[in-house]
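*Asks:* Please construct the entire structure, taking both the sequences and the accompanying hints into account.
For the record, the sequence lines run as chains L and H. Residue numbering for the first sequence follows the working numbering, starting at 166 and increasing by one per position. Residue numbering for the second sequence follows the working numbering, starting at 1186 and increasing by one per position.
Derived by calculation from the structure, the hints in this document are not laboratory data. All C-beta atoms in this analysis are idealised placements derived from N, C-alpha and C, irrespective of residue type, glycine included. Heads up, a few of these hints could be off.
Which stretches of chain L does chain H cover? Using the computed rule of at least three CB atoms under 8 Å from a CB of chain H, they are [stated by the list, open to error]: (1) 168 to 175; (2) 206 to 215.
What follows is a set of in silico ranges between Cβ atoms, one per label pair, in the way DEER data are often shown [to be verified]: (3) L:214 with H:1904: 30 to 38 Å; (4) H:1908 with L:203: 15 to 23 Å; (5) H:1526 with L:214: 51 to 59 Å; (6) H:1904 with L:211: 30 to 38 Å.
Each chain is listed here by its residues.
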Amino acid sequence: MSILAPAVRAWRGLRWYVREATGEARWDEYVERCARDGTEPVSRRAWERHRADAREHDPRSRCC
Amino acid sequence: MATTTPVRRPDGPGRRMTPAGIAIWGGIALVGALCWTVLALSRGEEVSALWILFAALASYAIAYRFYARFIADRVLEVDDTRATPAERLENGQDFDVTDRRVLFGHHFAAIAGAGPLVGPVLAAQMGYLPGTIWIIVGVILAGAVQDMMVLFFSMRRDGKSLGQMVREEIGTVGGIAALIAVFAIMIIILAVLALVVVNALAESPWGVFSIGLTIPIALFMGFYLRYLRPGRVSETTAIGVALLLLAIVVGGWIDDTALGETLTLSHETLTVCLIVYGFIASVLPVWMLLTPRDYLSTFMKIGVIALLAVGLVLARPVLANDDVTSFALDGDGPVFAGKLFPFVFITIACGALSGFHALISSGTTPKMIAKESHVRMIGYGGMLMESFVAISALIAACVIDQGLYFAMNSPAGATGGTAASAAEFVGTLGFTIPPDTLTQAAAAVQEPTLVSRTGGAPTLAVGISQIFTDAFGGGLAAFWYHFAIMFEALFILTAVDAGTRVGRFMLQDTIGNIWPRYGDTSWRPAAWSASALVVAAWGYMLYVGVTDPLGGINQLFPLFGISNQLLAAIALCVCVTLMLKHGKARWVWVPLVPLVWDLITTMTASWQKVFSDNPAIGYFAQADRYRDARDAGEVLAPAKDAGQMDQVITNSTTNGVLQLTFAILVIVVVANAAVVWVRALRAGSLPTTEVPAVPSQIVAPADFFATADEKAAVRAWEESRLTSTGRHR
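*Replies:* Okay, here's the thing in structure tokens:
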């Protein structure tokens, strides 16, 4: 186990980074926040659609 | 009125270097000095490319550790006790506190593009040394400084855009000039990038097939993410990347088939395809094409860059060109005309200093920063990474056979387009390459020909293919070539889609000032017509480049490089203005030195491109030469008939007028700024639009790796937050 520990840590770190960078972690945060505030979260589909609509009106340039 | 509060760093005055720190940094300095010495002293012998790589890495490390920290602490006085816009205005959308390492990734993905790959490849015409020196020195003293300072100043103004900052901090005249300049420069950049793609894909069925498939792949990903598995981005990207690699492999099978014939497209056909695609992509909802494509391109970007770094270390290639070639000194190179000064600075462009980054460092990124001190890591660090990409591209271009390099990069008008005539032409430059070698090199990567494949992308792909084949073995040269082409084309098409959208929003916003309805981005007639206008503008310039008998890259790349560097001049001008308005004249040299240097190089280059009487350099001299010949009833090579003579005259005149316009717009901004500088210096300081300080509640480490103290502070803060919300409930 002790030999595997660094590998497990690296895997967890990578997984965390990918989830944060792709925005997937944001859904979990939203669900957590709803649980904390005692509100019912909307469906994931509706939530992602809302985010996509926001992106529609926020053009982000990609550089040369 | 100095609005910045004094700096309070948790590790304040006790931050002395430990003996271990001194040993490590002393070691890095020694490695860097050794690499630079070898590069400086090697003449006419075999020089390993790794000297360049490690000279770069050691220089970056030292600049990041010392110069960037100096700028953060002393010049900008970043203050972690002050809340950032992300903390104050958090709305879960554009204002969003983001982990520093994640934001570094986002920012890098946004700034990295094809520019730092293409520029160094073309600059390799002048030898490996000029490019290496400018990429490294330029990024440390200019490019990274610009990105970091613009990021900081925009962050202190709730993420205002560069154009807004010019208008509010410099003046209305400068603001209008900057707005026009930004828009026009963006059009040129999009056109030149599109030209690189057209040149890479023309007459290449494999390339057209695999790049073409990225559209259905992206559409599939878009629908998958929207309807099947909402939000599962990594899963969707993994599927997309697998399909992408499959598309590259399958592309190799279509040679000599009917489909291959159909997909062998001319430059003109591809131009039309790209214009139609650009329009459709910019009016479709972003979830369908743009967002999934962006996931793919980001993944490929990071993957290829990492692979290239590993490949270089494993393959340990030897540089094939001279340190400084005669083209650098005489200015008569076939890839682009002009001497080392100023054209090496113009050609390298994005890898050392990129004005375009200022558009990303203002606006998007500053709204996501968690802590003020992160501007160093994200602004300066992100640009160092971009410069590393440029160094890798330079190496890839310098390790391929130089006969092949010049056969690929000289315009078709010079090489004649066939292996035999190209070999002959390259012979006149002083390189020997038998026609058979050229044919074999093309066959090795399964392309019909490599002669006059200008634009930089094919050359880089040949270099990457050579390095990867040496590093990883396996006789996959053709696969790696098309892999590299795919990676560049993806970058560029994403930039073209996104750039067209940004241009459309800018246009709608501007016209919306006069006709408010037009500014509504959801109103279809406005959205479609603005998109069409933007696409028409870059499409026209692309067409000019594609059909130019003198070679589009040869003609347009200097315009692209100068525009980009002029945009950097505007950004640095804002930095100088704000330093003076904040009463920090003592440190104004930090942005002023790069600004002055940038103005010297770009204005010299602009002057030469406009007024030079050498037809190879001056656009108007060129137009005159062809006009005189046409009026005398002659046809000058490389034009083949009177129609092409007219084309050269029109194109050269257009380019010259654009060049002159850009330079004048920048002079207007600088002149307007100079007035403000004098006023600020006289008054000691002037009020700015900086947002007043609000204390920050967030605790976060400052650098890539958290120190033990920082980790403890973060832990304590998280615990206190948990208990307080617990009580709250």
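*Asks:* Need the list of violated hint numbers for this structure, in ascending order.
*Replies:* Violated: hint 1 alone.
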